[in-house]
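Visitor: I would like the entire structure built from these sequences, with the hints used as guidance.
The listed protein sequences derive, respectively, from chains S and A.
All residue numbers for the first sequence refer to this note's numbering, where the first residue is 15 and numbers rise by one.
All residue numbers for the second sequence refer to this note's numbering, where the first residue is 71 and numbers rise by one.
FYI, nobody ran anything at the bench for these hints, they're computed from the structure.
Keep in mind the model is a prediction, meaning the values are calculated, not measured.
Ideal Cβ placement from N, Cα and C applies to all residues, glycine included.
Among the clues, some could well be false.
BS3-like, lysine-lysine: derived pairs with alpha carbons at most 25 Å apart [stated by the list, open to error]: (1) A:K244 / A:K90; (2) A:K419 / A:K377; (3) A:K219 / S:K304; (4) A:K302 / A:K87; (5) A:K382 / A:K302; (6) S:K41 / S:K68; (7) S:K202 / A:K216; (8) S:K304 / A:K221; (9) A:K216 / A:K198.
Okay, the calculated bits of chain S under chain A, using three or more residues with CB under 8 Å as the criterion [said to hold, decoys possible]: (10) 200-214; (11) 222-232.
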Amino acid sequence: MKRLAVILLPYSWLVALFLVPFVIVVKISLSDTELAIPPYTPTLDFSQGWEGLKSFFAALDFENFVFLSTDDLYWKAYLSSLKIALISTFAALLVAYPLAYGMARAPVEWRPTLMMLVILPFWSSFLIRVYSWKAILANEGLLNQFLLWIGVIDSPLTILNTPTAVYIGIVYTYLPFMVLPLYSALEKLDGSLLEAAEDLGCTRFQAFWLVTFPLSRNGIIAGCFLVFIPVMGEFVIPALLGGSQTLMIGKVLWEEFFSNRDWPVASAVAVILLALLVVPIVLFQRNEEKQREAEG
Amino acid sequence: MAQTKPMPHADVFEPWKDPKAEPLIRFRNVTKRFGDFTAIDDLTIDIYEREFFALLGPSGCGKTTIMRMLAGFETPTEGVIELGGRDIANVPPNLRPVNMMFQSYALFPHLSVYDNIAFGLKRSDMPKSEIAGRVEEMLRLTRLEKFAKRKPHMISGGQRQRVALARSLAKAPKLLLLDEPLGALDKKLREETQFELMDIQETTGTTFVIVTHDQEEAMTVASRVAVMDHGKIKQVDTPANIYEAPNSVYVADFIGDVNLIRGTAENLGGGSYRIDVGEDSRAIDVSECDAEIATGTPVTFAIRPEKILVTKEPPEDRANALEGTIIDIGYLGNLSTYHVELPGGQMVKAAMTNSSRISRRAFTWEDKVWLSFRASAGVVLTE
Chain S
15 MKRLAVILLP
25 YSWLVALFLV
35 PFVIVVKISL
45 SDTELAIPPY
55 TPTLDFSQGW
65 EGLKSFFAAL
75 DFENFVFLST
85 DDLYWKAYLS
95 SLKIALISTF
105 AALLVAYPLA
115 YGMARAPVEW
125 RPTLMMLVIL
135 PFWSSFLIRV
145 YSWKAILANE
155 GLLNQFLLWI
165 GVIDSPLTIL
175 NTPTAVYIGI
185 VYTYLPFMVL
195 PLYSALEKLD
205 GSLLEAAEDL
215 GCTRFQAFWL
225 VTFPLSRNGI
235 IAGCFLVFIP
245 VMGEFVIPAL
255 LGGSQTLMIG
265 KVLWEEFFSN
275 RDWPVASAVA
285 VILLALLVVP
295 IVLFQRNEEK
305 QREAEG
Chain A
71 MAQTKPMPHA
81 DVFEPWKDPK
91 AEPLIRFRNV
101 TKRFGDFTAI
111 DDLTIDIYER
121 EFFALLGPSG
131 CGKTTIMRML
141 AGFETPTEGV
151 IELGGRDIAN
161 VPPNLRPVNM
171 MFQSYALFPH
181 LSVYDNIAFG
191 LKRSDMPKSE
201 IAGRVEEMLR
211 LTRLEKFAKR
221 KPHMISGGQR
231 QRVALARSLA
241 KAPKLLLLDE
251 PLGALDKKLR
261 EETQFELMDI
271 QETTGTTFVI
281 VTHDQEEAMT
291 VASRVAVMDH
301 GKIKQVDTPA
311 NIYEAPNSVY
321 VADFIGDVNL
331 IRGTAENLGG
341 GSYRIDVGED
351 SRAIDVSECD
361 AEIATGTPVT
371 FAIRPEKILV
381 TKEPPEDRAN
391 ALEGTIIDIG
401 YLGNLSTYHV
411 ELPGGQMVKA
421 AMTNSSRISR
431 RAFTWEDKVW
441 LSFRASAGVV
451 LTE
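Guide: Structure, rendered in structure tokens:
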């Protein structure tokens, strides 16, 4: 009985905060749009009894999903999001790895400070930080002024409102999610393993490639998923930095909801996005489990 | 070399006694400092091929630093280290014909036992076809054939120790360094493994340098032992000489149990001395002493507990006999140690084998007994 209560609590949270909203979204995605409040039909009316329930289910259909497959905007947006997520995950890995490596090799008394510096941006609003990138990347922004001043370029570079700005914004925003798991994997690495590798004939670089890199694999996988999964649905960064050129499914979803007020289509987009993300989420969980097993 | 050089003892392995023998390793006035701390202080030592050389000392005495300098992880601040006649100061660790077995074993957790052993071979210029054979040979030598496919976390501590040994021996190094190799094993396994190590050292003919703080381990495995303290070597000798003829109070006290009795020497000539240990006690007669000590020098007489005989009646045939009272008896099964107080208050430990059953033990607490020993049983130390 006591055990049941212990299990019940987290499960009831899951049901209330995840399953119920998801069922509602699925239901809306099967509905039809209508100029009303809420802007879709049918709505469940319990006063009609059994008949009402029957007609309610009869009114649900997959029309919106069919529509999504006919208009190429949507699958192009999915593919574009996938591409942006893959490239920016890889870019974040390239930036984060040396950073995490440096942190893990720093003197022990410095590490909490460095860790603090990585987490520090979380203390200010995400929106403000993305906005400030607008000021940095604009044609007359800080970056261009600086580059003109040191004479690397003659005329300002157009970065803002291009995919490049989106990549910069994403890598900047999600960097801590990549750094932290990498750091925790690299910090655990026993220094005598590298000495052993050198002792057995490795150069420093070979020792890194044959020992450090494979042993940080779990950190790499965890970091990549932590960046990839949220970036797939990202809409603030492309909306603020990407201008009209950047197509991302998160932005499309936002527009369907708030500009077109087409909740059923927006919900269908969300359901498909979730279905696509289930695969990496399951892989991520499995990686975590395997890591726990190896450590346990 | 046309002539065969006559060895001093052809059948006994004692290259350090042969003035013509070329040492494999030669430390010449090596000093190593870390900031203000002097880890190694002007060290000069020769280690010969096929030796099993033990560096013994308490933690922080610099023995690990010596090992790390040999492996190439530290460079000497002053002085020269030669390996096979060549200064190795500028040779990085990966190019030295030296392999190390780490205290923590440092096995690669992501590689199987087989791949751990093959790791060094794959970095060498050994052809791929020969690597498998060499790894198999190492697995056989360390009796690990059944575990080749396992990862390090799937085998026991003793097996891991053998993997570490196999991995460091695989490249057939000129010199194998062992950093507290048996520290993580329990006592019984450690004793077994000590003999295994000696067997492997003999079979492979590799020169072993072992670092340990366990004096029993050093005595068991080593051909020579260097006793260290504060970055200096106190004595280098065979285990038997270190034990029976320590050159200082530090060495005598560090190795095994010892009674240290302070006194003043009187030189009787011919290596014989009489040591005055105070008014309350008889003087001690010592013979066959190597050192030349002037009369009146303050000295320490060191004698091992097992060299002392405990009897009820004063013995007739022994040079020294002291009377005392039994304060404590420690029963160890094979031995009993008696803590005996001499009239001056000096405590002396004596160990006697329990050749008869305990019920017939001759002495008990507060008994008056005689402690006796031969004139050659102890050593006189000035340091």
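Visitor: If a hint holds in the structure, say so; if it doesn't, say that too.
Guide: Checked hints:
no. : hint            : verdict
1   : A:K244 / A:K90  : holds (20 Å)
2   : A:K419 / A:K377 : holds (10 Å)
3   : A:K219 / S:K304 : holds (19 Å)
4   : A:K302 / A:K87  : holds (22 Å)
5   : A:K382 / A:K302 : violated (45 Å)
6   : S:K41 / S:K68   : holds (15 Å)
7   : S:K202 / A:K216 : violated (30 Å)
8   : S:K304 / A:K221 : holds (15 Å)
9   : A:K216 / A:K198 : holds (22 Å)
10  : 200-214         : holds (count 9)
11  : 222-232         : holds (count 5)
Of the numbered hints stated above, those contradicted by the structure are hints 5 and 7, listed in ascending order.
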